[in-house]
Structures are given as C-alpha cells and as structure tokens.
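**Student:** Since the structure of chain Z is already known, use the hints to place chain D on it.
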Amino acid sequence: MNHALTMDGLTTSESTVRFARTTRTRRVDVVSDDEDAQLMLAYARGDMRAFEQLYARHRGALYRYLVRQSRDNEIAHDLFQEVWSRVIVNRARYEPRAKFRTFLFTLAHNCFIDHCRRVKARPSSMGVDDADAADLLRTDDSAAPDTAMERDEASRHYRAALATLPQEQRDVYLLHEESDLSLEEIARITGVGPETAKSRLRYAVGKLKAALSAVKDLA
Amino acid sequence: MSGPDEFDDFVARRKPLFPRPPDGLEPPADLDRMVLRQAREAIRSETSEPAYHGTRWGMPVAIAATVLVAATIVLHVGMMQRDPVPKVTVQNITQRTEQAPAGAVTTAAPALAAPETSATPLPQTTPAWRRDTRSWLAQIERLRAEGKTAEADAEMAEYRKANRAYAGSPDR
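Taken in order, these protein sequences are the chains called Z and D. Quick note: the first sequence uses our numbering, first residue 122, plus one each step. Quick note: the second sequence uses our numbering, first residue 4, plus one each step.
None of these hints come from the bench; they were simulated from the model.
For lysine-lysine, the following DSSO-like pairs were computed, each having C-alpha atoms within a straight-line distance of at most 30 Å: (1) D:K18 - Z:K330; (2) Z:K319 - Z:K220; (3) Z:K319 - Z:K330; (4) Z:K328 - D:K18; (5) D:K151 - D:K164; (6) Z:K319 - D:K18; (7) Z:K220 - D:K18.
Distance windows between CB atoms, simulated: (8) Z:E195 - D:V70: 53 to 59 Å; (9) D:W60 - Z:P315: 50 to 56 Å; (10) Z:D155 - D:D33: 27 to 33 Å; (11) Z:M270 - D:D11: 31 to 37 Å; (12) D:D8 - Z:P315: 16 to 22 Å; (13) D:E44 - Z:M270: 39 to 45 Å; (14) Z:D193 - D:W60: 47 to 53 Å; (15) Z:Q159 - D:A68: 41 to 47 Å; (16) Z:P315 - D:E44: 37 to 43 Å; (17) Z:S320 - D:R36: 40 to 46 Å; (18) Z:Y215 - D:H79: 53 to 59 Å; (19) Z:V210 - D:V80: 50 to 56 Å.
Computed, partial: chain D to chain Z, Cβ under 8 Å: (20) F10; (21) L28; (22) D35; (23) L39; (24) Q41; (25) A42; (26) R43; (27) I46.
Glycine residues also receive a C-beta, built at the ideal position from the N, C-alpha and C atoms.
So here's chain Z without its partners, still in its complex pose (with noise of 0.2 Å):
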C-alpha cells in the first residue's frame, strides 16, 4: 500500500514527498551504499531532501525487522522512533566507513537488546509466540482458493514460523532478509564470530523451511 506523506504541518510549502512501497527487490538492490553515505553526509550539513531520500530507502527494511523482532507493533514503533534518533543525533559524527545500512541496523540491534534488557526480557526463550504458534498449527478449514487469502495464510504462518525461532535465529535470519549485508556484517553487530552466525542462519532457516513445508502437508 502506497501513502503520502504531506509534509504540510512541518513546513510551509513543502512539497509531498511520497515513499513508494519498498518492494522485494534486494536481489536487485541498485541502492548505492556510497550514495547513502553522501546523503547522510549531506544531511549532516542540514540538506533535509537528503535525508528524506535517506529514510525512504531504509524505513520499510527498518521496520519490518523491527516488527518481526519485537513481534509488537507499539515496540517496533518506539524502537523505530528511536533508532532513527540516534541517526539524527549522530550525523555530525557519522564517517562513511562502513555502509550506512551497517550503521543503521547496528542501532537497530542495540536498541532491540536495550529494549530486552529493560523489560528484563529472556531474549532466548521469546522465540515461541504463543498467539503466532497457534496460528502455525490452526488450518483454515473454509480455505477459499482465493489468491489474496492464500497469500494472507502463507503469510500468517510464515510469521508463525518465524515466531517460533530462538531470538538469536531470529535476529540474524532477519539481518540477513531485511538489512541486506553480508554475513561478516551481520556477525559484526550481532557481536559473534561469522561461524556462529553462518550457523545461527543455518538453524533459522532450517527450522523455517520445515515448519512451512509442514503447514503446507496439512493443508
């Protein structure tokens, strides 16, 4: 679903900016990382198109980790709120060394972690979803062959499945769809070796795999 983002309220006349559904199409991602390092440089010397055109390409990745990670729409929205926060009070000191995707999903996972660690969360036992495991074992008995439908189920268990994952599964898994950066990245701000995160994506997906194609035998 498109939306507009007026712009009215926050300035006089500016203009609308519109942010275009980010699509699937990482495999083909012809965002520059140098690019986004200009723009946030740009930014930092108060270009406020630059940074526009900055959170339109990361918001819909941003978010869906987040979501998927907090599994709660209100926490994935303050988190959100506040990783972009720290992108905006760091661009002084933000320096083009790494990808500015790196940068953006390294204060992602801190902030997730913080925000475990204030709720005094166990962040290796919220893999199980009770609300999103049950939707992994209910079927639709009145499953209509409508396209929509079936792509809501699918979508539901895929959710399901993803909630039954060890968070740390989950997180890198989640790195590796949405951040679009290499293991070795994910391994850096997962804060563990590239092995461990290999193998954590591994597991992850393993277990998303088999718990689909298990949905998939009763329906």
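**Tutor:** Showing chain D alone in chain Z's frame:
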C-alpha cells in the same frame, strides 16, 4: 535441512530456500511524520545555533570590557589623588588676605585656583626658589645631588614649616 550448496546459494542470495510471502509491512504515516519532523527540527536548531554562539562569547567580552573600563577609572582617580592639593583652611585664607596689600608674592588668583602656590606668606628676602613649591623642591633635590645634605635638610625643614599642610603627609 537443506544441502550445503543450497544453503550457500541462499547465503549468497542467489536462490531462496523457501518462498517468502510478501507481508506488506510498512511504517504507518504517523511514524514517518514523526521521524521526519524530528530530523527537520534537528537541522533547524543547528542553523539557529550561531546566534546562540554569539551570546555565549558576547558575555565574557562584555565582562572584560566592563572590568577594563572600571580599572581605567580607578587608576585615573588614584593618580589624580597623588597630586598634592593644599589644604584650604579659614586661617590660610585669612593670612593670605592680610598679606596681599603688603605686596605678597602670591598671585591675584584665588587660592583654590593656584594649588601649587605656597599657603604661607613669605618675607621679601625669600630666595626665588622658595616662591613656589615646585622650584623649592627642585632646589632641595639639587642640593642633595650636589652632596650638600645638611643644606638640603635645612631647606626641607623650612619647606615643611612653610607648608604645614604637607608636614604630616606620608609620602613626603
């Protein structure tokens, strides 16, 4: 579990291991608006910072200027106070008035207008250097410089006698 090649393809983003359904998750418009507002306000506050910088260094400069002016005034007043001003008493003025018809050396100007003039009337035989304090003191200095200490002391005693107002002055 998938085979190693399949997994490596997945890691390298060459081939998905399973079809991932589109979830259509996008941040709501309100959230976009909040983030963009924050970004814009951060820039605005930054651009208004120079005015703040101005006042920040303006304050010490103002204080320094005030101190400088105050010190200058204090020094100026202090130096003015060092110059000897003859004490104006009723007795001095009376004496001066009495001496004036007798052809005293004092000028016609009022005593207040001629602070350097000796307050005590001097006899006609008075040497020229005793007619004003400056030349009197210069003569004393000259005598001292010539080694005539006794004469210099005597002149100084005379000077003090004639200028009682300065006799007790600590810097004389």
